[in-house]
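Novice: Sequence:
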Amino acid sequence: MADYVPPVYIYKRNGKGFKAGDLKQSQIDEENKRMEITRAAATLFSTFDDKMKAMGRYDFNDMIVWVLRAFQEQPALLLSYQERHQFILVDEFQDTNGAQNELLKQLTEFWDDPNIFVVGDDDQSIYEFQGARIRNIIEFYERYKEKIRIVVLPQNYRSSQLILDKATAAIENNQQRLIYQLQDLNLNKNIIAAHPRFLTDEDIVHPVVKAYPNILHEEADIVMQIEALQEKGLPLKDVAVIYAQHKQADNLIALMERKGIPYCVKKPVNILELPLIQQIINVLRYLNAEKQQPFSGEAFLFEMLHAPYYGIKPTDIALLSIYMQQNKQKDRALGYWRLTLGNFLLLESLQMESSKAMSRMGQNADTWLQQQAEVPLPMLIEKIMYESGMMHYVSRTRDHVWNIQVLHSFFSFVRDVFDRTPRVRIPEFLGMIDRMLDEKISLPVQKVVQNENGVHLYTAHG
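In my numbering, the protein residues as written are 36 to 497.
If you are wondering where the hints come from, they were derived from the structure by calculation, not from laboratory data. For clarity, every value in this text was computed on a predicted model and none was experimentally measured. We treat Cβ as the ideally placed atom computed from N, Cα and C, and that holds for glycine.
Label-pair distances were calculated between CB atoms; the ranges are:
{"hint": "1", "residue 1": "N96", "residue 2": "K391", "range": "52 to 62 Å"}
{"hint": "2", "residue 1": "R433", "residue 2": "P41", "range": "43 to 53 Å"}
{"hint": "3", "residue 1": "I206", "residue 2": "I183", "range": "21 to 31 Å"}
{"hint": "4", "residue 1": "Q159", "residue 2": "A408", "range": "51 to 61 Å"}
Could you put together the complete structure from these sequences and hints?
Specialist: If you want it as C-alpha coordinates, here you go:
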(Lines of atoms letter the chains of each structure in order from A and count residues from 1; the text may use other names and numbers.)
(Lines give C-alpha, C1' and ligand atoms only; values in the text may rest on other atoms or scores of the structure.)
Protein backbone atom coordinates (compact mmCIF):
# COMPACT_ATOMS: atom_id res chain seq x y z
CA MET A 1 0.00 0.00 0.00
CA ALA A 2 2.96 2.31 0.56
CA ASP A 3 3.50 2.60 -3.22
CA TYR A 4 -0.18 2.97 -4.10
CA VAL A 5 -0.97 6.05 -6.19
CA PRO A 6 -4.64 7.01 -6.70
CA PRO A 7 -5.69 6.95 -10.39
CA VAL A 8 -6.41 10.69 -10.33
CA TYR A 9 -2.63 11.30 -10.18
CA ILE A 10 -1.81 9.10 -13.19
CA TYR A 11 -2.04 10.13 -16.85
CA LYS A 12 -4.55 8.00 -18.75
CA ARG A 13 -3.38 8.96 -22.25
CA ASN A 14 -0.24 10.07 -24.05
CA GLY A 15 0.49 13.76 -24.38
CA LYS A 16 3.27 16.26 -24.94
CA GLY A 17 6.08 15.39 -22.53
CA PHE A 18 4.30 12.46 -20.88
CA LYS A 19 2.75 9.09 -21.67
CA ALA A 20 -0.04 6.97 -20.27
CA GLY A 21 0.91 5.61 -16.85
CA ASP A 22 3.24 8.50 -15.94
CA LEU A 23 2.65 10.29 -12.66
CA LYS A 24 1.14 13.78 -12.61
CA GLN A 25 4.04 15.03 -10.50
CA SER A 26 2.90 18.65 -10.30
CA GLN A 27 -0.47 17.57 -8.86
CA ILE A 28 1.25 15.19 -6.43
CA ASP A 29 3.56 17.99 -5.28
CA GLU A 30 0.57 20.30 -4.82
CA GLU A 31 -1.26 17.68 -2.75
CA ASN A 32 1.87 17.08 -0.64
CA LYS A 33 2.08 20.81 -0.04
CA ARG A 34 -1.55 20.91 1.12
CA MET A 35 -0.92 17.98 3.46
CA GLU A 36 2.15 19.68 4.93
CA ILE A 37 0.07 22.79 5.60
CA THR A 38 -2.61 20.63 7.26
CA ARG A 39 0.04 18.90 9.38
CA ALA A 40 1.48 22.27 10.42
CA ALA A 41 -2.01 23.55 11.27
CA ALA A 42 -2.66 20.49 13.43
CA THR A 43 0.63 21.07 15.27
CA LEU A 44 -0.23 24.71 15.89
CA PHE A 45 -3.87 24.15 16.82
CA SER A 46 -3.34 24.16 20.60
CA THR A 47 -1.40 27.44 20.32
CA PHE A 48 -4.12 28.88 18.09
CA ASP A 49 -6.78 27.78 20.56
CA ASP A 50 -4.92 29.40 23.48
CA LYS A 51 -4.61 32.69 21.59
CA MET A 52 -8.31 32.63 20.68
CA LYS A 53 -9.19 32.19 24.34
CA ALA A 54 -6.79 34.96 25.39
CA MET A 55 -8.48 37.34 22.93
CA GLY A 56 -11.97 36.27 23.98
CA ARG A 57 -12.87 35.03 20.51
CA TYR A 58 -14.56 31.86 19.28
CA ASP A 59 -16.02 30.32 16.14
CA PHE A 60 -19.21 28.44 15.28
CA ASN A 61 -17.69 25.04 16.07
CA ASP A 62 -16.63 26.29 19.52
CA MET A 63 -20.24 27.23 20.24
CA ILE A 64 -21.43 23.69 19.49
CA VAL A 65 -18.63 22.03 21.46
CA TRP A 66 -19.28 24.27 24.47
CA VAL A 67 -22.97 23.32 24.46
CA LEU A 68 -22.08 19.62 24.27
CA ARG A 69 -19.67 20.00 27.17
CA ALA A 70 -22.25 21.92 29.21
CA PHE A 71 -24.85 19.19 28.59
CA GLN A 72 -22.38 16.52 29.73
CA GLU A 73 -21.30 18.41 32.84
CA GLN A 74 -24.74 19.74 33.82
CA PRO A 75 -27.46 17.05 33.43
CA ALA A 76 -30.12 19.46 34.72
CA LEU A 77 -29.35 21.85 31.87
CA LEU A 78 -29.72 19.04 29.33
CA LEU A 79 -33.03 17.96 30.87
CA SER A 80 -34.41 21.49 30.63
CA TYR A 81 -33.62 21.65 26.90
CA GLN A 82 -34.97 18.16 26.29
CA GLU A 83 -38.24 19.21 27.91
CA ARG A 84 -38.37 22.49 26.01
CA HIS A 85 -37.66 21.02 22.54
CA GLN A 86 -39.99 18.04 22.17
CA PHE A 87 -40.52 18.36 18.41
CA ILE A 88 -37.38 18.64 16.28
CA LEU A 89 -36.92 19.15 12.54
CA VAL A 90 -33.48 18.76 10.93
CA ASP A 91 -32.98 19.88 7.33
CA GLU A 92 -29.99 19.01 5.10
CA PHE A 93 -29.16 16.14 7.45
CA GLN A 94 -26.54 14.81 5.02
CA ASP A 95 -24.39 17.87 5.75
CA THR A 96 -24.27 17.49 9.54
CA ASN A 97 -20.89 16.83 11.14
CA GLY A 98 -20.04 14.72 14.17
CA ALA A 99 -20.56 17.49 16.74
CA GLN A 100 -23.92 18.51 15.28
CA ASN A 101 -25.05 14.90 15.21
CA GLU A 102 -24.00 14.41 18.83
CA LEU A 103 -25.97 17.52 19.82
CA LEU A 104 -29.07 16.08 18.13
CA LYS A 105 -28.51 12.75 19.88
CA GLN A 106 -28.29 14.39 23.31
CA LEU A 107 -31.46 16.42 22.77
CA THR A 108 -33.46 13.31 21.82
CA GLU A 109 -31.96 10.52 23.93
CA PHE A 110 -34.39 11.04 26.84
CA TRP A 111 -37.20 9.41 24.81
CA ASP A 112 -37.23 5.93 23.34
CA ASP A 113 -39.45 7.23 20.54
CA PRO A 114 -38.66 10.96 20.07
CA ASN A 115 -40.63 13.33 17.84
CA ILE A 116 -37.92 13.98 15.28
CA PHE A 117 -38.19 14.57 11.54
CA VAL A 118 -34.99 14.63 9.46
CA VAL A 119 -34.71 15.56 5.79
CA GLY A 120 -31.65 14.55 3.82
CA ASP A 121 -30.35 13.40 0.46
CA ASP A 122 -27.12 11.41 0.41
CA ASP A 123 -26.64 12.29 -3.27
CA GLN A 124 -26.39 15.98 -2.36
CA SER A 125 -23.68 15.68 0.29
CA ILE A 126 -20.99 18.24 -0.58
CA TYR A 127 -19.56 19.28 2.78
CA GLU A 128 -17.44 16.26 3.72
CA PHE A 129 -14.37 18.55 3.72
CA GLN A 130 -16.02 20.39 6.65
CA GLY A 131 -16.64 17.19 8.59
CA ALA A 132 -20.06 16.24 7.21
CA ARG A 133 -20.71 12.49 7.38
CA ILE A 134 -23.12 10.44 5.27
CA ARG A 135 -22.65 7.89 8.04
CA ASN A 136 -24.85 10.09 10.25
CA ILE A 137 -27.90 9.11 8.18
CA ILE A 138 -27.06 5.42 8.48
CA GLU A 139 -26.48 5.69 12.24
CA PHE A 140 -29.77 7.56 12.61
CA TYR A 141 -31.57 4.74 10.81
CA GLU A 142 -29.85 2.08 12.93
CA ARG A 143 -30.79 3.92 16.13
CA TYR A 144 -34.51 4.17 15.34
CA LYS A 145 -35.07 1.45 12.74
CA GLU A 146 -37.67 -0.36 14.88
CA LYS A 147 -40.06 2.60 14.73
CA ILE A 148 -38.73 4.83 11.98
CA ARG A 149 -40.85 5.76 8.96
CA ILE A 150 -38.92 6.38 5.74
CA VAL A 151 -40.40 8.45 2.92
CA VAL A 152 -38.62 8.69 -0.43
CA LEU A 153 -39.72 11.58 -2.64
CA PRO A 154 -39.23 10.40 -6.23
CA GLN A 155 -40.70 13.52 -7.83
CA ASN A 156 -38.38 16.29 -8.99
CA TYR A 157 -39.82 19.68 -9.98
CA ARG A 158 -36.60 21.43 -11.02
CA SER A 159 -35.16 19.42 -13.90
CA SER A 160 -36.20 17.54 -17.01
CA GLN A 161 -36.03 13.75 -17.14
CA LEU A 162 -33.07 13.98 -19.51
CA ILE A 163 -31.03 15.90 -16.93
CA LEU A 164 -32.11 13.59 -14.11
CA ASP A 165 -31.08 10.54 -16.13
CA LYS A 166 -27.64 12.03 -16.83
CA ALA A 167 -27.20 12.85 -13.14
CA THR A 168 -28.22 9.32 -12.16
CA ALA A 169 -25.76 7.82 -14.63
CA ALA A 170 -22.97 9.95 -13.15
CA ILE A 171 -23.62 8.92 -9.56
CA GLU A 172 -25.12 5.43 -9.72
CA ASN A 173 -21.74 3.68 -9.27
CA ASN A 174 -21.03 5.50 -6.00
CA GLN A 175 -21.08 2.67 -3.46
CA GLN A 176 -21.52 5.15 -0.58
CA ARG A 177 -25.12 5.81 -1.64
CA LEU A 178 -27.80 4.70 0.82
CA ILE A 179 -29.37 2.35 -1.71
CA TYR A 180 -26.18 0.27 -1.43
CA GLN A 181 -25.46 0.87 2.26
CA LEU A 182 -29.03 0.00 3.37
CA GLN A 183 -29.95 -2.66 0.85
CA ASP A 184 -32.50 -4.33 3.13
CA LEU A 185 -34.74 -1.25 2.72
CA ASN A 186 -34.98 -1.66 -1.07
CA LEU A 187 -34.83 2.12 -1.54
CA ASN A 188 -35.81 3.33 -4.99
CA LYS A 189 -34.12 6.59 -5.99
CA ASN A 190 -35.09 6.62 -9.65
CA ILE A 191 -36.16 10.25 -9.71
CA ILE A 192 -39.02 11.31 -12.00
CA ALA A 193 -39.46 14.77 -13.54
CA ALA A 194 -42.86 15.95 -12.28
CA HIS A 195 -43.14 19.60 -13.28
CA PRO A 196 -45.82 20.11 -16.00
CA ARG A 197 -43.41 22.00 -18.25
CA PHE A 198 -41.25 18.86 -18.50
CA LEU A 199 -44.07 16.47 -19.41
CA THR A 200 -43.67 17.19 -23.14
CA ASP A 201 -40.52 17.29 -25.28
CA GLU A 202 -41.19 20.85 -26.39
CA ASP A 203 -38.40 23.29 -25.42
CA ILE A 204 -36.57 20.64 -23.37
CA VAL A 205 -32.79 21.02 -23.57
CA HIS A 206 -30.93 17.79 -24.31
CA PRO A 207 -27.89 17.67 -22.01
CA VAL A 208 -24.56 16.64 -23.51
CA VAL A 209 -21.59 15.38 -21.48
CA LYS A 210 -18.24 16.35 -23.00
CA ALA A 211 -14.70 15.43 -21.98
CA TYR A 212 -11.68 17.56 -22.98
CA PRO A 213 -7.92 16.87 -23.00
CA ASN A 214 -7.35 19.87 -20.72
CA ILE A 215 -8.95 23.01 -19.30
CA LEU A 216 -7.75 25.22 -22.18
CA HIS A 217 -9.62 23.11 -24.73
CA GLU A 218 -12.73 23.25 -22.54
CA GLU A 219 -12.64 27.05 -22.16
CA ALA A 220 -12.03 27.61 -25.87
CA ASP A 221 -14.92 25.31 -26.83
CA ILE A 222 -17.32 26.98 -24.38
CA VAL A 223 -16.62 30.38 -25.94
CA MET A 224 -16.96 28.92 -29.46
CA GLN A 225 -20.35 27.44 -28.53
CA ILE A 226 -21.47 30.82 -27.18
CA GLU A 227 -20.37 32.46 -30.44
CA ALA A 228 -22.32 29.86 -32.43
CA LEU A 229 -25.47 30.52 -30.39
CA GLN A 230 -24.97 34.26 -30.90
CA GLU A 231 -24.69 33.79 -34.68
CA LYS A 232 -27.95 31.79 -34.66
CA GLY A 233 -29.69 34.78 -33.10
CA LEU A 234 -30.19 33.31 -29.62
CA PRO A 235 -30.32 36.12 -27.01
CA LEU A 236 -27.18 35.82 -24.88
CA LYS A 237 -29.21 36.74 -21.80
CA ASP A 238 -30.65 33.20 -22.11
CA VAL A 239 -27.16 31.64 -21.92
CA ALA A 240 -25.42 30.78 -18.64
CA VAL A 241 -22.06 29.27 -17.67
CA ILE A 242 -22.00 27.56 -14.27
CA TYR A 243 -18.74 26.66 -12.50
CA ALA A 244 -17.55 25.61 -9.05
CA GLN A 245 -15.37 28.61 -8.15
CA HIS A 246 -15.16 32.18 -9.43
CA LYS A 247 -11.49 31.83 -10.33
CA GLN A 248 -12.49 29.28 -12.98
CA ALA A 249 -14.23 32.09 -14.87
CA ASP A 250 -11.17 34.34 -15.22
CA ASN A 251 -9.97 32.83 -18.51
CA LEU A 252 -13.52 32.64 -19.86
CA ILE A 253 -14.03 36.33 -19.10
CA ALA A 254 -10.75 37.22 -20.81
CA LEU A 255 -11.72 35.20 -23.90
CA MET A 256 -15.21 36.73 -24.06
CA GLU A 257 -13.81 40.25 -23.72
CA ARG A 258 -11.39 39.52 -26.56
CA LYS A 259 -14.29 38.28 -28.70
CA GLY A 260 -16.54 41.19 -27.71
CA ILE A 261 -19.09 38.89 -26.05
CA PRO A 262 -21.09 40.73 -23.36
CA TYR A 263 -21.50 39.05 -19.97
CA CYS A 264 -22.92 39.50 -16.47
CA VAL A 265 -21.01 38.42 -13.40
CA LYS A 266 -20.82 39.12 -9.69
CA LYS A 267 -17.63 37.84 -8.11
CA PRO A 268 -15.45 38.62 -5.09
CA VAL A 269 -12.22 40.44 -5.94
CA ASN A 270 -9.22 40.76 -3.64
CA ILE A 271 -8.55 44.49 -3.87
CA LEU A 272 -5.05 44.06 -2.39
CA GLU A 273 -4.08 42.57 -5.76
CA LEU A 274 -5.51 45.43 -7.84
CA PRO A 275 -3.07 47.95 -9.40
CA LEU A 276 -4.87 50.91 -7.83
CA ILE A 277 -4.35 49.63 -4.28
CA GLN A 278 -0.86 48.34 -5.05
CA GLN A 279 0.06 51.89 -6.07
CA ILE A 280 -1.04 53.23 -2.67
CA ILE A 281 0.87 50.45 -0.91
CA ASN A 282 3.92 51.27 -3.05
CA VAL A 283 3.81 54.89 -1.83
CA LEU A 284 3.67 53.64 1.76
CA ARG A 285 6.65 51.37 1.10
CA TYR A 286 8.59 54.34 -0.24
CA LEU A 287 7.79 56.50 2.79
CA ASN A 288 8.71 53.67 5.15
CA ALA A 289 12.02 52.95 3.39
CA GLU A 290 13.03 56.63 3.33
CA LYS A 291 12.25 57.03 7.02
CA GLN A 292 14.36 53.98 7.88
CA GLN A 293 17.27 55.05 5.68
CA PRO A 294 17.33 58.10 3.38
CA PHE A 295 17.54 57.30 -0.35
CA SER A 296 16.80 53.60 0.22
CA GLY A 297 13.37 53.86 -1.42
CA GLU A 298 14.53 54.79 -4.91
CA ALA A 299 12.99 51.69 -6.52
CA PHE A 300 9.58 52.55 -5.03
CA LEU A 301 9.89 56.17 -6.15
CA PHE A 302 10.73 55.06 -9.69
CA GLU A 303 7.58 52.91 -9.62
CA MET A 304 5.53 55.93 -8.49
CA LEU A 305 6.63 57.82 -11.62
CA HIS A 306 4.64 55.34 -13.73
CA ALA A 307 1.33 55.85 -11.88
CA PRO A 308 -1.22 56.91 -14.54
CA TYR A 309 -2.75 59.74 -12.48
CA TYR A 310 0.48 61.77 -12.62
CA GLY A 311 0.37 61.78 -16.41
CA ILE A 312 4.14 61.37 -16.79
CA LYS A 313 5.16 60.12 -20.21
CA PRO A 314 7.26 56.91 -20.20
CA THR A 315 9.59 58.45 -22.80
CA ASP A 316 10.32 61.35 -20.43
CA ILE A 317 11.10 58.91 -17.62
CA ALA A 318 13.49 57.09 -19.96
CA LEU A 319 15.15 60.34 -21.11
CA LEU A 320 15.63 61.56 -17.54
CA SER A 321 16.99 58.17 -16.50
CA ILE A 322 19.59 58.27 -19.31
CA TYR A 323 20.54 61.85 -18.42
CA MET A 324 21.03 60.89 -14.76
CA GLN A 325 23.23 57.92 -15.68
CA GLN A 326 25.40 60.01 -17.99
CA ASN A 327 25.89 62.94 -15.60
CA LYS A 328 25.88 61.49 -12.06
CA GLN A 329 29.70 61.50 -12.03
CA LYS A 330 29.65 65.30 -12.42
CA ASP A 331 26.75 65.88 -10.01
CA ARG A 332 26.22 63.33 -7.21
CA ALA A 333 22.65 64.53 -6.75
CA LEU A 334 21.83 63.04 -10.15
CA GLY A 335 22.42 59.61 -8.65
CA TYR A 336 19.13 59.90 -6.75
CA TRP A 337 15.61 60.24 -8.12
CA ARG A 338 14.47 61.99 -4.96
CA LEU A 339 16.97 64.84 -5.39
CA THR A 340 16.56 65.02 -9.16
CA LEU A 341 12.77 65.34 -8.97
CA GLY A 342 13.22 68.16 -6.45
CA ASN A 343 15.33 70.17 -8.93
CA PHE A 344 12.63 71.94 -10.96
CA LEU A 345 15.12 74.12 -12.88
CA LEU A 346 16.93 71.01 -14.10
CA LEU A 347 13.68 69.35 -15.15
CA GLU A 348 12.63 72.49 -17.05
CA SER A 349 16.00 72.75 -18.77
CA LEU A 350 15.62 69.26 -20.21
CA GLN A 351 12.51 70.46 -22.07
CA MET A 352 10.43 67.40 -21.29
CA GLU A 353 6.63 67.49 -21.63
CA SER A 354 6.27 65.95 -18.18
CA SER A 355 8.59 68.31 -16.27
CA LYS A 356 5.81 69.90 -14.21
CA ALA A 357 4.17 66.53 -13.48
CA MET A 358 7.52 65.09 -12.33
CA SER A 359 8.14 68.09 -10.11
CA ARG A 360 4.66 67.82 -8.61
CA MET A 361 5.21 64.15 -7.83
CA GLY A 362 8.53 64.94 -6.17
CA GLN A 363 6.90 67.66 -4.06
CA ASN A 364 4.12 65.25 -3.06
CA ALA A 365 6.64 62.64 -1.94
CA ASP A 366 8.60 65.15 0.18
CA THR A 367 5.40 66.51 1.75
CA TRP A 368 4.19 63.03 2.71
CA LEU A 369 7.62 62.21 4.14
CA GLN A 370 7.34 65.19 6.46
CA GLN A 371 3.75 64.43 7.42
CA GLN A 372 3.97 60.67 8.04
CA ALA A 373 5.09 61.17 11.63
CA GLU A 374 2.56 63.94 12.30
CA VAL A 375 -0.79 62.76 10.93
CA PRO A 376 -2.76 59.56 11.66
CA LEU A 377 -2.47 56.79 9.10
CA PRO A 378 -6.02 57.18 7.66
CA MET A 379 -5.47 60.91 7.14
CA LEU A 380 -2.11 60.27 5.44
CA ILE A 381 -3.63 57.72 3.05
CA GLU A 382 -6.53 60.07 2.31
CA LYS A 383 -4.02 62.83 1.47
CA ILE A 384 -2.16 60.43 -0.84
CA MET A 385 -5.41 59.57 -2.64
CA TYR A 386 -6.37 63.21 -3.23
CA GLU A 387 -3.08 65.11 -3.49
CA SER A 388 -1.60 62.62 -5.97
CA GLY A 389 -4.55 63.19 -8.30
CA MET A 390 -5.68 59.57 -7.93
CA MET A 391 -9.28 60.42 -7.00
CA HIS A 392 -9.58 62.94 -9.83
CA TYR A 393 -8.16 60.39 -12.26
CA VAL A 394 -10.37 57.43 -11.28
CA SER A 395 -13.52 59.58 -11.32
CA ARG A 396 -12.97 59.98 -15.07
CA THR A 397 -12.16 56.38 -15.93
CA ARG A 398 -14.62 54.13 -17.76
CA ASP A 399 -14.98 51.96 -14.63
CA HIS A 400 -15.15 54.94 -12.26
CA VAL A 401 -17.93 53.46 -10.10
CA TRP A 402 -15.94 50.28 -9.52
CA ASN A 403 -12.64 52.11 -8.95
CA ILE A 404 -14.20 54.46 -6.40
CA GLN A 405 -15.75 51.44 -4.67
CA VAL A 406 -12.28 49.85 -4.49
CA LEU A 407 -10.72 52.97 -2.95
CA HIS A 408 -13.61 53.37 -0.51
CA SER A 409 -13.33 49.73 0.58
CA PHE A 410 -9.57 50.01 1.13
CA PHE A 411 -9.96 53.23 3.10
CA SER A 412 -12.68 51.62 5.24
CA PHE A 413 -10.24 48.80 5.98
CA VAL A 414 -7.59 51.34 6.99
CA ARG A 415 -10.11 53.07 9.27
CA ASP A 416 -11.04 49.75 10.89
CA VAL A 417 -7.37 48.97 11.56
CA PHE A 418 -6.86 52.45 13.02
CA ASP A 419 -9.97 52.18 15.21
CA ARG A 420 -8.62 48.94 16.68
CA THR A 421 -5.03 50.22 16.97
CA PRO A 422 -4.99 54.05 17.09
CA ARG A 423 -1.19 54.20 17.32
CA VAL A 424 -0.64 52.12 14.18
CA ARG A 425 2.00 53.52 11.83
CA ILE A 426 3.19 52.64 8.34
CA PRO A 427 5.61 49.81 9.36
CA GLU A 428 2.93 47.95 11.33
CA PHE A 429 0.34 48.45 8.62
CA LEU A 430 2.68 47.21 5.88
CA GLY A 431 3.54 44.20 8.04
CA MET A 432 -0.17 43.37 8.24
CA ILE A 433 -0.59 43.77 4.46
CA ASP A 434 2.43 41.54 3.77
CA ARG A 435 1.12 38.82 6.08
CA MET A 436 -2.26 38.95 4.33
CA LEU A 437 -0.59 38.64 0.93
CA ASP A 438 1.72 35.83 2.08
CA GLU A 439 -1.12 33.85 3.65
CA LYS A 440 -3.47 34.61 0.72
CA ILE A 441 -5.92 36.39 3.02
CA SER A 442 -8.03 38.56 0.75
CA LEU A 443 -9.73 41.89 1.26
CA PRO A 444 -12.78 41.02 -0.83
CA VAL A 445 -15.18 43.33 -2.63
CA GLN A 446 -18.04 42.13 -4.81
CA LYS A 447 -17.42 43.23 -8.38
CA VAL A 448 -20.57 43.42 -10.46
CA VAL A 449 -20.39 43.53 -14.25
CA GLN A 450 -23.95 44.10 -15.39
CA ASN A 451 -25.01 43.73 -19.00
CA GLU A 452 -28.68 42.86 -19.38
CA ASN A 453 -28.04 41.30 -22.79
CA GLY A 454 -24.96 39.33 -21.75
CA VAL A 455 -24.06 35.74 -20.86
CA HIS A 456 -24.71 34.99 -17.18
CA LEU A 457 -21.75 33.63 -15.21
CA TYR A 458 -22.57 31.89 -11.92
CA THR A 459 -21.02 29.62 -9.33
CA ALA A 460 -23.00 26.45 -8.70
CA HIS A 461 -23.84 27.77 -5.22
CA GLY A 462 -24.51 31.35 -6.32
